[in-house]
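Undergrad: My request is simple: use the sequences and hints to build the entire structure.
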Amino acid sequence: MGSAGCGIGFSEGAWVLAVGSLWFRIPETIKVELKGAFLPYVTGKDIALYLASKYGTDFANYKSLEFCGELAASMSIPQRMTISNMGVEMGAKFAFFPSDETTKEFYLERGMEWEFFAADEDASYEKELTVNASEIGPQVALPGDVGNGVDVREARGSESIRSSWGPVSMDGLEDLRLAAKLLEGKRVAQGTRLLVNPASEDVYRQALREGVIEKLSAAGAIVSPSGCGPCLGGHLGLLAPGENCLSTGNRNFMGRMGSPKANIYLGSPAVAAAAAVCGKIEDPREVFV
Amino acid sequence: MKTGMTMAEKTLASASGLERVVPGQYVTAKVDRLMITECFPLVYQYLEELGDRQIGRSGVRDDRV
Numbered sequence: 001m002g003s004a005g006c007g008i009g010f011s012e013g014a015w016v017l018a019v020g021s022l023w024f025r026i027p028e029t030i031k032v033e034l035k036g037a038f039l040p041y042v043t044g045k046d047i048a049l050y051l052a053s054k055y056g057t058d059f060a061n062y063k064s065l066e067f068c069g070e071l072a073a074s075m076s077i078p079q080r081m082t083i084s085n086m087g088v089e090m091g092a093k094f095a096f097f098p099s100d101e102t103t104k105e106f107y108l109e110r111g112m113e114w115e116f117f118a119a120d121e122d123a124s125y126e127k128e129l130t131v132n133a134s135e136i137g138p139q140v141a142l143p144g145d146v147g148n149g150v151d152v153r154e155a156r157g158s159e160s161i162r163s164s165w166g167p168v169s170m171d172g173l174e175d176l177r178l179a180a181k182l183l184e185g186k187r188v189a190q191g192t193r194l195l196v197n198p199a200s201e202d203v204y205r206q207a208l209r210e211g212v213i214e215k216l217s218a219a220g221a222i223v224s225p226s227g228c229g230p231c232l233g234g235h236l237g238l239l240a241p242g243e244n245c246l247s248t249g250n251r252n253f254m255g256r257m258g259s260p261k262a263n264i265y266l267g268s269p270a271v272a273a274a275a276a277v278c279g280k281i282e283d284p285r286e287v288f289v
Numbered sequence: 001m002k003t004g005m006t007m008a009e010k011t012l013a014s015a016s017g018l019e020r021v022v023p024g025q026y027v028t029a030k031v032d033r034l035m036i037t038e039c040f041p042l043v044y045q046y047l048e049e050l051g052d053r054q055i056g057r058s059g060v061r062d063d064r065v
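Those protein sequence lines, which keep their order, are chains A and B. Residue 284 in the working numbering sits at position 284 of the first sequence, and the numbers go up by one each step. Residue 52 in the working numbering sits at position 52 of the second sequence, and the numbers go up by one each step.
By construction, these hints were calculated from the structure, which means they are not laboratory data. Be aware that a few hints might be false.
Cut-off 30 Å, straight-line C-alpha distance, at most; resulting in silico cross-link-like pairs (DSBU-like, lysine-lysine) [as the list claims (entries may be wrong)]:
(1) K104(A) with K35(A)
(2) K181(A) with K35(A)
(3) K30(B) with K31(A)
(4) K30(B) with K104(A)
If you're wondering where the values come from, they're calculated on a predicted model, not measured in any experiment.
TA: Written out as structure tokens, the structure is:
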């Protein structure tokens, strides 16, 4: 609560371990109002990809992003986490959501202390943007850059040999539940690998208890241990030359997940589920009717 | 003149023991949690280069993600 997180390098990591502090430049802040409502099969991931494509992957370079508005207030914590985690893909140093009743519930359920935290009403912003989710469909970032986002209909038909759920940009359990629901009674397409990577041990165990893992396995998914893996080409099936992948991870840079001759598309869990069933990128609104 | 702070400003002001900060200002903020995954050997290499130091306040936990 009232906390900020950001990535740092190895040398800075060592410095923090040794000293317990680190220097920061206070960033300017861009306020992003999220309004409207999610269309079917649209998630926080799609909002993040839309922002990166509309404004560019550097529009928030060393800025802080603050999300607010009626849609932000209605979003679950995992959806908020997905957008916050994707803030760095727009260059942001930090990405915040204000605390509210949803945050309070999330904290208290986990036995953690909660207190209200938000910007002051008279805070100054470098820029203010508005995003209307009611006008945004499922997004797909084409290979090479997170900012290559297009509506899924424009990417339809691309071969997707493998789909993966990465642990990086999402809470995991909500995504796994959605995937299990969409894939129930269906099978992963011949020639397509579906890797499911729970975000944490807690998420993995809860998914086991709820039968989510069983449903995913029955659909032909390969469930891996939690932790970093396919998203950064660490292990669990590197991409070979010519392979295409629909990843729910954060990044799709050339060579990110293996061969530099592989193509990485980014999308939401719903888009990944549709790709897994069809063996190519398809619109989840048409696949899961 | 607006004197309120954004969430980033509030967070970094609190972590650096300051009442108020403004964009562009440099601060030294305490870090409550450091997460290192598979890259710990590289971090440790830099830690060794820093000399004879103890691990800072928080210590090391081997929690998995």
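Undergrad: Now look at each hint and say whether the structure bears it out.
TA: Now for the hints, and whether the structure bears them out:
Distance restraint check for K104(A) and K35(A): the Cα-Cα separation of roughly 22 Å lies within the 30 Å cut-off, and the hinted pair is therefore satisfied. The straight-line distance between the Cα atoms of K181(A) and K35(A) is roughly 27 Å, inside the 30 Å bound, and the hint therefore holds. Annotation: proposed proximity of K30(B) to K31(A) holds, straight-line Cα distance about 26 Å (limit 30 Å). At most 30 Å may separate the alpha-carbon atoms for a hinted pair to count; K30(B) and K104(A) meet this at roughly 25 Å.
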